[in-house]
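Respectively, the protein sequence lines represent chains A and F. Here the first sequence stands for residues 131 to 666, numbered as in our numbering. Here the second sequence stands for residues 131 to 666, numbered as in our numbering.
Incorrect hints may appear among the rest.
The list treats identical chains as interchangeable, and a pair is accepted whether it falls inside one copy or across any two copies.
Unchecked claim - Calculated pairs, SDA-like style, for lysine to any residue (alpha carbon to alpha carbon, straight line, at most 25 Å):
| no. | residue 1 | residue 2 |
| --- | --- | --- |
| 1 | 349 | 446 |
| 2 | 349 | 442 |
| 3 | 209 | 314 |
| 4 | 561 | 443 |
Source of the hints: derived by calculation from the structure; they are not laboratory data.
Here is what each chain is made of, one letter per residue.
There are 2 protein chains.
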Amino acid sequence: MTSTAAADLIFGLTRVVGLPALTEAAGAPLSAEDIAQIVTEADRFCTEVLMPGAQAADRAGAVYANGVVTTPYRETYAKWIEGGWQSLAAPAEHGGQGLPASLWTAMTELGMAADTSFMLGPLLTAGAIDCLTHHATPEQAARWLPRMVSGEWTGAMCLTEPHAGSDLGVLRTRAEPLGNGRYALTGQKIFITWGEHDCTENIVYLVLARLPDAPPGSKGISLFACTKVKEDGSRNAIRCGGIERKMGIHASPTCIMLFEGAEAEMVGEPHRGLPAMFAMMNNARLGVGTQGVAHGAAALRLAEAYAAQRIQGGRPIAEHPDVARMLMEMRSITLAARLLALETALCVDRHALLGDAAAQNRLALLTPILKAWCTDRGVETASTGIQVHGGMGFVEDAGAAQVLRDARIAPIYEGTNGIQAIDLLVRKVAKDGGAEMRALLAEVGRSPDARLRAAAEAFGAVTGRMLEVQGRDAEAAQSVAVAYLDAAGWLLGGWMLARAAAEDPSAHGATAEFYLRRLLPRAAARAAEIEGALAA
Amino acid sequence: MTSTAAADLIFGLTRVVGLPALTEAAGAPLSAEDIAQIVTEADRFCTEVLMPGAQAADRAGAVYANGVVTTPYRETYAKWIEGGWQSLAAPAEHGGQGLPASLWTAMTELGMAADTSFMLGPLLTAGAIDCLTHHATPEQAARWLPRMVSGEWTGAMCLTEPHAGSDLGVLRTRAEPLGNGRYALTGQKIFITWGEHDCTENIVYLVLARLPDAPPGSKGISLFACTKVKEDGSRNAIRCGGIERKMGIHASPTCIMLFEGAEAEMVGEPHRGLPAMFAMMNNARLGVGTQGVAHGAAALRLAEAYAAQRIQGGRPIAEHPDVARMLMEMRSITLAARLLALETALCVDRHALLGDAAAQNRLALLTPILKAWCTDRGVETASTGIQVHGGMGFVEDAGAAQVLRDARIAPIYEGTNGIQAIDLLVRKVAKDGGAEMRALLAEVGRSPDARLRAAAEAFGAVTGRMLEVQGRDAEAAQSVAVAYLDAAGWLLGGWMLARAAAEDPSAHGATAEFYLRRLLPRAAARAAEIEGALAA
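Input sequences plus hints: build the corresponding full structure.
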């Protein structure tokens, strides 16, 4: 049986964002049936293989001892490889199936909803594959990518250092040339997701470091790749120094990685590591935004099941007006976020399959909104899910608490949501004088729903105000950037739901109507907050 | 050194809500200096005795084995008794200091902010003392209360059963008369905070149960008291069947309690147990609302310390515009909530010390708002505190994650926030046709701040709308009750801050202005949500 989430993903891909038409235009048609079959298979894998062990995995956690990390995932990961899921959207020339990024987004949502800690491994590997596909030489790619695409090796991204988080420009890891075209990396990286584990024989590390002649700051950072096990079969000088004790994602090892003269190769040009990493990060941010959707979906699944069977006052609590309200909030927010993630992923596909430059601009605009708005909503929805459970929500056995604990990291990593808001304001909206945002708002403004049209117009005015303030007082503008991004998210969520309702009024009309009546006003509320803050 | 929280509590008690004037009118004057001294001593105890062990206590947790519960608090609790803190606001006739409830509220905030798991024990004991003070016979009171007031025995409230949570009317625990004026209790109670522990020799249980001749439903519930150790020194037939594994408050044992023919006495009249318990619950809800304040205060303390020393982009992150915004949100919300808790607590004192019936009505109105709005804000502020920390916020060592994990229960227990919203709408506002709410809004409407006056007027209109809808479609009204309560909270928070700013513009003017500009619009946003939901 297909889950509600999977059914909605199929509906979204085929009837809202138009994946069949896009693939047909690109000459590699995927029918609605093809899409349904792939998503249904992904759903089955996630429901049957990942979901059953997720709670026990959280309880056991990843365990560190003497440089060795043990996870609860050895068998699960073997099934991941066996299913070939890592290859889904990977390039065909390296052994991938070359399917659209939007299908990988669907897989990401289903996997993250089933077991976030597990799915982080494949997500990071996908990011590393993406980075190497764009920046490695053909010779490098041939050595690493086939085994990453098969899932035989995983990938890990090594950026953060203790003193260099949001500000990567100050990182200190050194890369000394060894004379043979290779480099010795020395330094400490922290917060390395799946940096060490027991699921594969080898791990490919992508590491930001400085060459000896590097200029200071972000323009002196280069990108390197190295492997845990070297080509001659010996261990590289890379060691896990410990793992973090965290609020959630307990079974995903968050590692301190020590590079102690590790043998590495440069990837791409010297001093061009940060742009290479940022290009990759856009896709990673799409993945993290999708985690927000997944946490909403996981919370909703548990809350609906609990509310249907818990009787108080002579009827299931799902029928109590305030619990019904909470469930409708969870449903409408999760569907809105899901469709927004698919809309964003389709920009990746439109650019990749049709070379559509406009899609690239749209993607750049939507990415920070997706990342921040969906992950904030994931936390909010997970918390609402706990509330639906009453006292049981706080007890770990029910699973609802784990969803919130796992969800809480998503607004932080891959660039905090505050960083996303500044990215949206400065590097996206202000950069082109608001042109791409206005183009998007013009589309929303063509909605047949008057409330959406009015909200789009009001948000256009807010955008003008933000541009004006950003031009004369950047710090003032940045102090309301989060509110601005949030308003954009509420507006676009409503737009996606209105489109879904237009396609299938009987399935999604009530959900959209709930949102447009009760949640769309949050866009105006955020605008009022901005206006209040900027008032002289 | 006095903490910021303690300084603000002293300021609030002495200059905003007017405790010195009230105590003088009551003929038992407490000067501003007296109040400052008591709060400063409480602050010292919490900072020096409770706070240092809170993180280790969370990590160790309460441990259950064979009916025995071990906590990390044996030594800490001994210091609690030694300091005489339990007696602070307890009645003088039972050995208490008889100080105002508003001072106990200050102690509650400081203790909960220092170590929530610990402070829950004293808070539940205070609730039991309150209940017995009002409902026990003098003879019963003399046997139990002095040892509870000293802290030598703790109290536990036994209400919830597996199938009876928000709906206590269906509870099944039986009370069989033993013929000697005593009763044998048989049944299972769950979610019993500090139901079993190793800090005291004895525990007094207040238990809701049914007499054999009890009518069905909530009118057939009586209140009983029994002790873990009977007067002859033998163990009563009360057993802890296990403790819950929870998201937070790990060191507070949440017990399954089995009454297996436990010898008990009735407290109050037969079948009148629920009203007795609900009267006590109003005070307990004040205590839980204060927990929300405490979680905001704890989150703020950690976030301010981290943001001051964490350097990114060449300056402390506290100076980054969006981090500065988060800190201001945390400060203004926490201060607003703190003052609202004191305002509510002062109603308790006005009623108790002056016999002021109007204060009783005001207390009834404010209690659900305080409980729900402050605990929602506690969760929100704790989450913002994590965000200020970036990646470190998700790592347990930083402490910020524990604040959120501990805070998340407060919107659930002592009546979920959904129940509070219905209580506000149905049993408070609709009950008197909105009279008390209008009286409160008239006070807010006399504020010199035009934004507050406008917000009070708008909320008055929303109140009229809610009353109208409640009269003809109670389920529709209840589906927006949470939004209505939340709007009330944002309005009253602004009112408290405006009063603080008027008293001391240099200390609190900027905080109030931030709130009035940026957060007060949330009241209007909730009104828009209600309007949207109720639109035909």
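Comparing the hints with the structure gives:
1. Only between protomers do residue 349 and residue 446 lie at most 25 Å apart by alpha-carbon distance; the minimum there is 22 Å, versus 60 Å within a single protomer.
2. In this homomeric assembly, residue 349 and residue 442 come within 25 Å of each other (Cα to Cα) only across copies, at 17 Å, whereas the closest approach inside a single copy is 62 Å.
3. Within a single copy, residue 209 and residue 314 get their C-alpha atoms no closer than 35 Å, and across copies no closer than 57 Å, so neither meets the 25 Å cut-off.
4. Within a single copy, residue 561 and residue 443 get their C-alpha atoms only as close as 57 Å, which misses the 25 Å cut-off; across copies the closest is 21 Å, which meets it.
In this structure, only the earlier hint numbered 3 is contradicted, and the remaining ones agree with it.
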